[in-house]
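Q: Single-letter residue listing:
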Amino acid sequence: MARASHPHAMAPTRPGRTRTAAPMMPAQFPLSGRYFTYTLFGATGALYLLAGLVALRVIWALGSGPAAWQSVMTQLAHPLYVLFHLVTLAAVIFVGVRFFRLFPKAQPAKIGPAKPPPQPVLHVMLYVIWVAVSGGLALVLAGGIF
Amino acid sequence: MAENRKTFVVTRFDPDRDEAPRKQSYEVPVQPDWKVLDGLNYIKDELDGSLSHRWSCRMAVCGSCGMMVNGKPSLTCKDPLSNYGDKVDVAPLANFPVVRDLVIDLDGFMEKLQKVKPWIIVAKEKAVEEGTYRQSPEELEYFRQFSMCINCMLCYSACPVVGNEPEFLGPAAIALGHRYNMDSRDEGQHERNEVFRGEGTVFACSYANECSEVCPKHVDPAAAVNQSKINAVIDWATSFVVPRGGK
Numbered sequence: 000m001a002r003a004s005h006p007h008a009m010a011p012t013r014p015g016r017t018r019t020a021a022p023m024m025p026a027q028f029p030l031s032g033r034y035f036t037y038t039l040f041g042a043t044g045a046l047y048l049l050a051g052l053v054a055l056r057v058i059w060a061l062g063s064g065p066a067a068w069q070s071v072m073t074q075l076a077h078p079l080y081v082l083f084h085l086v087t088l089a090a091v092i093f094v095g096v097r098f099f100r101l102f103p104k105a106q107p108a109k110i111g112p113a114k115p116p117p118q119p120v121l122h123v124m125l126y127v128i129w130v131a132v133s134g135g136l137a138l139v140l141a142g143g144i145f
Numbered sequence: 000m001a002e003n004r005k006t007f008v009v010t011r012f013d014p015d016r017d018e019a020p021r022k023q024s025y026e027v028p029v030q031p032d033w034k035v036l037d038g039l040n041y042i043k044d045e046l047d048g049s050l051s052h053r054w055s056c057r058m059a060v061c062g063s064c065g066m067m068v069n070g071k072p073s074l075t076c077k078d079p080l081s082n083y084g085d086k087v088d089v090a091p092l093a094n095f096p097v098v099r100d101l102v103i104d105l106d107g108f109m110e111k112l113q114k115v116k117p118w119i120i121v122a123k124e125k126a127v128e129e130g131t132y133r134q135s136p137e138e139l140e141y142f143r144q145f146s147m148c149i150n151c152m153l154c155y156s157a158c159p160v161v162g163n164e165p166e167f168l169g170p171a172a173i174a175l176g177h178r179y180n181m182d183s184r185d186e187g188q189h190e191r192n193e194v195f196r197g198e199g200t201v202f203a204c205s206y207a208n209e210c211s212e213v214c215p216k217h218v219d220p221a222a223a224v225n226q227s228k229i230n231a232v233i234d235w236a237t238s239f240v241v242p243r244g245g246k
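Residue numbers (numbering that gives the first Met the number 0), protein chains in the order written: chain A, 0 to 145; chain B, 0 to 246.
Source of the hints: derived by calculation from the structure; they are not laboratory data.
Even for Gly, the Cβ is constructed at its ideal location relative to N, Cα and C.
Some hints here could point you the wrong way.
Which stretches of chain A does chain B cover? Using the computed rule of at least three CB atoms under 8 Å from a CB of chain B, they are [unchecked claim]:
| id | region |
| --- | --- |
| 1 | 4-17 |
| 2 | 24-30 |
| 3 | 34-48 |
This is chain B alone, in the form it adopts within the complex (with noise of 0.2 Å):
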C-alpha cells in the first residue's frame, strides 16, 4: 500500500523534569488504512521509545486510548488519520491532570464513578432456589444505550462545566447511575438521587450536548444527566408524599 508522512505534534511531558507540557514533532510514514494510535506507536516503537500513552483493545472497547486530536476528543483506535491533514497534533484528553505525556490521571474519575454506586441494589437477595431475576426485552431497552458506555472520558474531556467544577459528578458517572436506576432488577433509585441531588450534582450540568457529541459509543451521556434531573426532582417530591420512597 502507498504510504504518506504527516507530522505527529505530541504533548510530552514528564514529571521528573518538566515544569510545563511541551510539544514534539515526529514525521511518520503513515499507510492509508492508518488509524490515530497506529501513528502513535510506530513513534514509541520506531522513533522514540520513551513515548508514553495507553492503548489496549484497538477496537473500541476498552476506553482505553482517548486523547485530544487536532482539539477535539477523540478514541484514537477508532479514528482514521485519513481525517487529518498533514499535520495531526496529539494531547492528552482536557480537564484532566497529566500523569507523563498522553496518559491521565483517572483517580478522580473512579472516586465519582463509586459514589452513583454503579451496581444492582437490591433490599433482599433472591434464594438461589427462588430463580433467576428475570427482565424482559422491554425493560432492557429501558437503559440499554447507557450501560455501552466504556469510560473513555471522551465526554469528560469535552465537558465545559466539568473543566470549571471540580465537584460535578460528570457525564459517563450520571450515565451509568442512571442505567441502574433503570434497571427493573434494581432498588436502589432513591440512594442514587440523594447523590444526583447532593454534592456534584446533576443540576450542575447546563446542557451543552457535547458530551453526546463525542461519544464513540452513542450512548447520549446528555439524555441520561437531564433524565436524572426529572427523576431527582421527582423523586425528592414523591418523599414527602410516599415516605421512604413507598418501601
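Bound-form chain A, shown alone (with noise of 0.2 Å):
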C-alpha cells in the first residue's frame, strides 16, 4: 500500500472547483524496485556521522597522551569496530560507484567554449583517480610517504 504523497504535491496554487483525491507516492517507495538502492544511498549517512564521531573520539584521544591513545587504540581492535569500518568502507565503496556512475551526465555539454571529455572518458578518468588517491593514502598510513 503505498503511502501519501505531501497533500500539497503538484497541487495548483489556486484549487479548481472540482475535488480531487490526495496524491499518493510511487507504491514501491521506498523500499522496492529500484528505490531499495536509492533509500540505501542515504542511509549510509548514520554510517558516517558514527564514522565521524569515532574519528572525533581518536583525535581527542591523540591530544589526551600516550595512555589514552593506547586505550582507544585497544578498542578499535574490538571485531565490533573492524566490524563496524568494515560495514562504512562497503558503505563508501557503494557510495563511490553510484557516485561514479552518475556523475558523467550531470557534467554541462558545455562551459563557455569548454566541453568535458566524452562520458567513458570521464568515467574511466574518476576510477583512476580512485585508485590513485586511496594509493596514495595507503602508501601515507603505511609510512611509505613522509
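Assemble the dimeric complex from its two separately framed chains, guided by the hints.
A: Structure representation (C-alpha cells):
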C-alpha cells in the first residue's frame, strides 16, 4: 500500500472547483525496486555520522596523551569496531560506485568554450583518480611517504 | 489471433460519490498484440462506460496516457500487456491530485512549466530582412534530447522529491528550461538560472535518477536537472565578476 505524498504535491496554486483525491507516493517507494538502492544510499549517511564521531574520539585521545591513545587503539581492535569499519568501507564503495555512475552525465555539455571529455573517458578517469588517491593514502598510512 | 483473459484492477474515484479512491476489477479478453491502453479502452467501450482515462495519439507522442501499471509509471499506449501476468493493476499517476478515476490534475505542472520560461528569449528580435536564426547540427546536439520531452508526467510520478516537496519544479519542467538554456539562439539563461536557484530550486533534487529510468522517450531529465545545478552555480558566481551576465 502506497503512502500519501505531501498533500500539496503537484497541486495548483488555486484549487479547481472539483474535489480531487490526495496524491500518493509511488507504491514501490521507499524500499522496493530501484528505490531500495536510493534509500540505502541515503541511509549510509548515518554510518558516516558514526564514523565521524569515532574519528573525533580518536583525535581527542591523540591530544590526551599516550595512555588515552593506547586505550582507544585497544578498543578499536575489538571485533565490533572492526565490523563497523568494514561496513563503513562497503558503504563508501557503494556510494562511490553510484556517484561515479551518475557523475559523468551531470556535467554540462559545455562551459563557455570548454567541453568535458566524453562520458566513458570521464568514467574511467574517476576510477583512476580514486585508485590513485586511495593508493597514495595507503602509502602515507603505511609510512611509505613522510 | 488467440485471446486470453486478464483481470484489470482499476483505481476508481468519483469526486461526487467517493470519499477516497477504490479498486474495481474487470475481466478483459485481450489479444496478444494489445497494449495496456487497449485493455482500458475495451473496458470503457464494452464493460463500463463510466471509466475515465486520458488518451489520444496511441503512438507515444502526445503523452496523455501515463498511468501507474502494477505500481510503476507507464505510458500505457506503448506498454505491451504481454509484459504482465494475469492481473494488471492500473492506477492514476503517483504524486498528482486525482480528478476522476485515472485522470490526474495537470494544473500544478502547467504552473511549474511556465515558471521556467520554456520559450526562446532574445534581447532584441531580428528584423525579417536580417534573415533567419541559424543553428549548426553541433549546436542542436547540445539540447536535442531534452526537446524530445512529451510531458507525459511519468518522471514526476517516479520522483520521490516531487512527492515530498511541493515547491520543487520537477524533472520535465527543469529539462525543458535547460533545453532552452542550451539553445544557441536563446539569451534567457540568466533569467532561468535565477528561477532554478530560487523557489523550487533545482538543488532539491537528490539524484534518485528515477525520472530518467522511466522516461519513455529517453530524455534523461536527471542529467538536465544536475547539469542545471552546475550551470546555475556558474551563472551565480560569474554574476559577481561579469555584471548582468556580460550583457
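Q: Against this structure, judge whether each hint is valid.
A: Hints versus structure:
no., hint, verdict
1, 4-17, "holds (count 10)"
2, 24-30, "holds (count 6)"
3, 34-48, "holds (count 3)"
Of the numbered hints listed earlier, not one is contradicted by the structure.
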